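My request is simple: use the sequences and hints to build the entire structure.
Chain residues, written in single-letter form:
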Amino acid sequence: MRLPTDFSRARTGLLATALSASVLLFSCQEAGKDKAADTTAVDLNAPLTGTVTAELTDAPLVPKPLTYNTPKKVMVELEVIEKVMKISDDTEYTFWTFGGKVPGKFIRVRVGDLVDFTLKNAPDSKVVHNIDLHAVNGPGGGAEATNVAPGQSANFQFRVLQPGLFVYHCATGPVGMHIANGMYGLILVEPAEGLPKVDREFYLMQGDFYTKGKFEAQGLQPFDEEKAIKEQADYVLFNGRVRSTTGKNALQANVGENVRLFVGNGGPNLVSSFHAIGEIFDKVYMEGGSAVNHNVQTTLIPAGGSSVVEMSLQVPGVLNLVDHSIYRAFNKGAIAQIKVSGAENPAVFKRSK
Amino acid sequence: MENMKRFVWLILLLTASAGAFAQAGRAGAKPMHTVAKGVYEPFFRTAATLPVPVAAFRLDEYAVTNAEFIEFVKQNPAWRRSRVNRLFADKNYLLHWATDTTLAPANAPLLQAPVVSVSWFAAQAYAKWQGKRLPTVAEWELAGNGTPRHIRFHSLTDYILDWYKRPNPKVLPPVRSTYVNQYGLYDMHGLIWEWTFDFNSFVGSTDSRGNTTDEVQAFCAAGAVNVKDKTDYAGFMRYGYRGSLKGNFCIQNLGFRCAKSI
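If you read the protein sequences in the order shown, they are chains A and B. Mapping to full-length UniProt numbering: the first sequence position 96 is 96, numbers consecutive. Mapping to full-length UniProt numbering: the second sequence position 199 is 199, numbers consecutive.
Keep in mind that a hint or two might mislead.
Below, computed lysine-lysine pairings styled on BS3-like, alpha-carbon distance capped at 30 Å [what the hints assert, rightly or not]: (1) Lys-128/B / Lys-83/A; (2) Lys-339/A / Lys-350/A; (3) Lys-350/A / Lys-37/B; (4) Lys-86/A / Lys-170/B.
Hints are computed from structural coordinates only; laboratory data are not their basis. Fair warning: this is a prediction, and the values are worked out from it, not measured in the lab.
And the structure:
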């Protein structure tokens, strides 16, 4: 007797689900229409309103929000530098970098801008490099125009037509090796109206590393192509180094603040299950695009993709940011921290005596 | 009797080494070795690329040194740093030299190191002056594939990759400081990059993943489908490097050696 009742209840539930799904679908389609319009929203004939040089920052810093609201010509210059740096306290690695650090410099532009991009390759580089920016509509994302020999430079221009948080990386063969050595970074294209104001913004980028020696084996460790092909990472890191963003290097914020993280994943291989231990993401710009999801525990960040997450901080303490493929966090280095300072907030969280 | 034997040996040895010194000092007397005829398998396979037969040829035992190149510019003033035409050598031409014809005294060890920061045009002119020529890509690759006589890596590819992974040394080591291969050629890998006659004949020079229809035959996004050996990372690097060059480029780790037809 109870079964049919349950069944009809289930049916009502299904109907409700279907209805809400179709509403969702409808709104998605609406969003889809908006999206399709993005590339045509930029008036390519409108005159540019001046020239600015882009502010470039190393992680975890993010350039200041843009204050202009008409399209400009934006000058960007990045230099590729190959250098030995610490990947852990007692381990070194020959990194290939955009600007001397891993990840590369953060670039911030506005939709409609014309980017004048110069890529230099340091004179003492061993090999050739180029750049593929996912924010580019054009051959190879710029890679074809920027194959640069040591000591040389190349220039190209592109119009940013779509807002979002985009990865850039080197695309010189073997592409995998260039990325595995740290050649990636982020370019943010602000929508015309800018992003909503928050209290703090930070830049984090995940990457997987493959070394001849095991995790934290001492000394200068060379890249291991066999492990890379098998996707057996020794290190999974935020910002290119074990403990880059923990302890005294933790990101700093206060109770009551809104924090926005620009998170990229350079790969080369692994997809990130990005998670904040002890917080819920209020907003997630999924895959760095325009669709916003709310109240998210863990968000996927594809290799060669990104995510923008925002959270309001209610209680003090240390928030661990991890790749929730959890062995990576505990055994391969994939932990960053936000130190939240401020008064206890027992209405939200109280430890029982 | 025993002493006599030793004496004769000593004399012979001295004569031989004196001869070697005299030879090294004379232009054109640089040792060359024969690379036997062979077949060169192009790195990128397309319908249009076939294995290339390579005739036997002679190749310099080691790269052209700063000392050798100084002789060249002394006798060919048009190739001095202060006079060279920018069309044929960019502003980095012989940047590590103190003057038109000398290295700084502190850089004396570099005399026997390969000359770098020389353009393709300069390398061509040098080769011509020597009555030689630059090797083709096919010849260079055939010679470069020669089996090392002694090497502490388990494969040549490993050895090359190890070199790529290390930053450029502050002071470039002298020629004949790495390894010698089956043909008697030194430093084919592990010291510098080398110019080839037809370095720019490969069209897929820009984005390694290709974009044009032609290149799609040779590449696929983020990895070449038709590469001879996808794990030949060293090969990728050489082709990428050559593809980024222009004839007037002068680069800190790019030198050359000369070849001769038989």
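Here's how the hints hold up against the structure:
Between Lys-128/B and Lys-83/A the CA atoms are separated by roughly 38 Å; this puts the pair beyond 30 Å, and the hint is violated. The suggested pairing of Lys-339/A with Lys-350/A holds, with an alpha-carbon distance near 18 Å, which does not exceed 30 Å. A C-alpha spacing of about 82 Å is found between Lys-350/A and Lys-37/B, which places the hinted pair above 30 Å, so the restraint is violated. For the suggested pair Lys-86/A and Lys-170/B, the alpha carbons sit about 20 Å apart, so the restraint of at most 30 Å is met.
The structure shown violates the earlier hints numbered 1, 3.
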